[in-house]
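Each chain, written out:
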Amino acid sequence: MKRSPLTVLAATAATATLVLTGCGQEGSPTTGGAAGGGATSGASAPTYDVAADVALTGSPTFDKITSAGRVVVGVKADQPGLGLRSAASGEYAGFDIEIAKLVAASLGLTPDQIEFKETVSANREPFLQQGQVDMVVATYTINDKRKEVVDFAGPYYVAGQDLLVRKDDTSITGPDSLAGKKVCSVEGSTPATRIETEYPQAQLVKLDTYSKCVDQLTANSVDAVTTDDAILRGYAAQQPDALKVVGAPFSEEPYGIGLPKGDTVLRGAVNDAIEQAVTDGDWKAAYDFTLGGSGTDPEPPTVDRY
Amino acid sequence: MSSVLYDAPGPRARLRNRVYTALGILLVLVVLGAVVWRLDFAGQLARSKWDPFIYQDIQTALLRAWWATVRVALVAVALSLALGTVLAVLRLSTVRALRWITTGLVEFLRAPPVLLMMFWFLYASRGAIPVFWCAVLGLTLYNGAIISEILRAGVLAVPKGQREAAFALGLTSGQVMRMVLLPQAVRSMLPSIVAQVVVVLKDSALAYIIGYTELLRWGTNLGTEFFNLVPASIVIAVVYIGTNMVIAGLAKLLERRLSTTAPRARAAAAPRTPAQVGGGAL
Amino acid sequence: MQVLLDNLGTFGRGAWGTVVLFAWSAVGSLVLGTLLACLRVAPSAAMRAAGTAYVNLVRNTPLTLVMFFSVLALPQLQIRFGDSLNTQFRVFAVLALVAYTSCFVCEAIRSGINTVPVGQAEAARAIGLPFGQVLTLVVLPQAFRAVVPPMGNIFIALVKNTSVASAFSNYELISAMRNLIEQNGNAVISILVGITAAYVLLVAVVALAFNRLERAVGVPA
Chain A
1 MKRSPLTVLA
11 ATAATATLVL
21 TGCGQEGSPT
31 TGGAAGGGAT
41 SGASAPTYDV
51 AADVALTGSP
61 TFDKITSAGR
71 VVVGVKADQP
81 GLGLRSAASG
91 EYAGFDIEIA
101 KLVAASLGLT
111 PDQIEFKETV
121 SANREPFLQQ
131 GQVDMVVATY
141 TINDKRKEVV
151 DFAGPYYVAG
161 QDLLVRKDDT
171 SITGPDSLAG
181 KKVCSVEGST
191 PATRIETEYP
201 QAQLVKLDTY
211 SKCVDQLTAN
221 SVDAVTTDDA
231 ILRGYAAQQP
241 DALKVVGAPF
251 SEEPYGIGLP
261 KGDTVLRGAV
271 NDAIEQAVTD
281 GDWKAAYDFT
291 LGGSGTDPEP
301 PTVDRY
Chain B
1 MSSVLYDAPG
11 PRARLRNRVY
21 TALGILLVLV
31 VLGAVVWRLD
41 FAGQLARSKW
51 DPFIYQDIQT
61 ALLRAWWATV
71 RVALVAVALS
81 LALGTVLAVL
91 RLSTVRALRW
101 ITTGLVEFLR
111 APPVLLMMFW
121 FLYASRGAIP
131 VFWCAVLGLT
141 LYNGAIISEI
151 LRAGVLAVPK
161 GQREAAFALG
171 LTSGQVMRMV
181 LLPQAVRSML
191 PSIVAQVVVV
201 LKDSALAYII
211 GYTELLRWGT
221 NLGTEFFNLV
231 PASIVIAVVY
241 IGTNMVIAGL
251 AKLLERRLST
261 TAPRARAAAA
271 PRTPAQVGGG
281 AL
Chain C
1 MQVLLDNLGT
11 FGRGAWGTVV
21 LFAWSAVGSL
31 VLGTLLACLR
41 VAPSAAMRAA
51 GTAYVNLVRN
61 TPLTLVMFFS
71 VLALPQLQIR
81 FGDSLNTQFR
91 VFAVLALVAY
101 TSCFVCEAIR
111 SGINTVPVGQ
121 AEAARAIGLP
131 FGQVLTLVVL
141 PQAFRAVVPP
151 MGNIFIALVK
161 NTSVASAFSN
171 YELISAMRNL
181 IEQNGNAVIS
191 ILVGITAAYV
201 LLVAVVALAF
211 NRLERAVGVP
221 A
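Protein chains in written order, with the working numbering: chain A, 1 to 306; chain B, 1 to 282; chain C, 1 to 221.
There could be a bad hint or two in this list.
Said to hold, decoys possible - Covered stretches of chain C (chain A as the covering partner; in silico rule of three or more C-beta atoms under 8 Å from a C-beta of chain A):
| hint | segment |
| --- | --- |
| 1 | 12 to 19 |
| 2 | 159 to 170 |
Stated by the list, open to error - Pairs of lysine-lysine residues, derived as BS3-like cross-links and limited to a Cα-Cα distance of at most 27 Å, are as follows:
| hint | chain 1 | residue 1 | chain 2 | residue 2 |
| --- | --- | --- | --- | --- |
| 3 | B | K252 | A | K182 |
| 4 | B | K49 | A | K244 |
| 5 | A | K284 | A | K167 |
The hints are simulated quantities; they were obtained by calculation from the structure and are not laboratory data.
Where a beta carbon is used, it is the ideal one built from N, C-alpha and C, also for glycine.
So that you can see chain A by itself, here it is in the shape it has in the complex (with noise of 0.2 Å):
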């Protein structure tokens, strides 16, 4: 029973040590799915033509950007097919990166001058208004409350909520179907909060990630995870043999670039390049190559320059 902590401490120490160093595969593991893009929809990597002599005059941010000579852009690290950090290498992949990446070629930047930097739902507006990062390419849903504090560019896509289902799973065809049955979504989320008002009669379970929701559903503790389309088409490219989007959406969430409020003149810059890889197909190819896997083919959004 009396063991010095000397021996523990060395046991765990060496424990570590073998764990650590002794018996690792060299690499990195191949991502399960198409969580970075293409492993399933077959698409390789879209590259986008970097602009040359780019000049805004009046945006304090390009100004930031070009003295630095490159671009911080808040993005999402937990969502598949969205924004993921791979957690062998660092990198970030899906479909926010790829906006992120083409807006910063419209804006002169190759991808080797943009750092990612993960945001989440409660540091998004406080980063934009620091100026800790350029722009938020993040699921980040255009609305009024949030235009009182940030500037959205955009949108990039409109998003509608939905539900993700298992793949054998015939009996939820949409919201009206979910009496009695049990759905996941994210606390404080407004999916949440639109299936607690509106469809009263579903039994609502709230967890912090997703990522959580999902794992319930393929665990059958739940029926349904839901929230935007976008995002649950992610989880669904990852696993498209055991799970599928219901493909009903019931609200209309556009995703917009979030700017630093009051930078008219970049916003204008960020508008047109949507517009323009919307027109030559960047913008089609940044989607087949990300969420491509789940099986749709969205309309292109039209931008609102309000």
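With chain A's structure known, arrange chains B and C on it following the hints.
Leaving out everything else, chains B and C in the frame of chain A:
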């Protein structure tokens, strides 16, 4: 002192103890077996769910994530010790107003959850403070208050004669505190202080909510990437438990070093219990 | 402050959630903590080892992970409570809080046992009481009196630890805060002030209760 709670076991008691032991072991085995069986049934033990962890890139990344956690904890512990010492000294001051203000401050700092304090730094500064420092400061305010309470209890526990003797030597009250009382308080309260270090390390996990990627966050992200949330959480839990046990082990070594009691007296006091740990260790 | 007045319902529901989680977990961890303390001083080495192992494992794991295992593993082990999902998740959260907090309760009681003069236990044994009775009739009642202050700290921490349950389908103060922030991104500071005040109030009530208790039954220093 647990040994004084029961008589030295006779033949019947020994037999009974053996039966209890066997039953206990059986129970533990049954519970463990059930857990493993259900996990296996749910496919959580499948090779593919554990495979990512055998790659070196993942292992080095795990080490980096571990360091991110330890770094927050180290800085927060250092600052908490400083803040705790200041608060403790102020609260023991002879000036009544100072005592009252500090008492109020300490009571206030103990109340809100650490997560809420991190939110405060993030939002009140409108993001000017990087998330790393939001996390550190949130942890520091709370744990500084707790450590000040521990130190104060330690100072109060120093025999009265020590203080009187120091004053008699002509030391100023600052010198008495610095040279006589605090060193003894730190030594006697070491177990409680170390327990608080473990708390800081665990609480640093809260920083993921404000966007700082540490061990727990890295683990759940990995679980998202390879949809192996349960195995990833098990691995992360093992790393936390291991780290905290190493800290506890180091503390015991340190305690032994600093202890002034003769080894014989220590042996007599065994089995030892961290008597003061109950203090603020959560 | 307008945002708080407009959302008093959300706010109150959150505070009530915190109180309910706290009350159940407090009772549960007191019971389990005492049992664990008994295990840790028991005559059988296996019992002591089991108690020690449990405390060391659970105490060193972040509460978030303890709760994650509770929420994720229990349904997989076919353990369910009630039909309503809300009840189920509440029970999962309370179980996790009990599992975690009882480690600290156990350690506090164990140190309390150490403060009981050795003569007490020896006298109890001398009149022929077996281990169980020595503990329950003589030692534990005195130990409890000695540990009122540390127990107060543990329960204050428990009030705040209930906030972790917000990540696992339990509505309490932090959930209320997240809801309010999501819908009122322009009034964050007022929301934070309100939530902080609520916690300060709850903690003050618990602290006061323990002060009273200490005065009533505590061992004078």
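Okay, the hints, checked on the actual structure:
1. 12 to 19: It is violated: at least three residues are needed, and the segment 12 to 19 of chain C offers just 0 whose Cβ sits closer than 8 Å to chain A.
2. 159 to 170: holds (count 4)
3. K252/B / K182/A: violated, 49 Å
4. K49/B / K244/A: At roughly 21 Å apart (the allowed maximum being 27 Å), K244/A and K49/B satisfy the hint.
5. K284/A / K167/A: It holds: about 26 Å lies between the C-alpha atoms, which stays within 27 Å.
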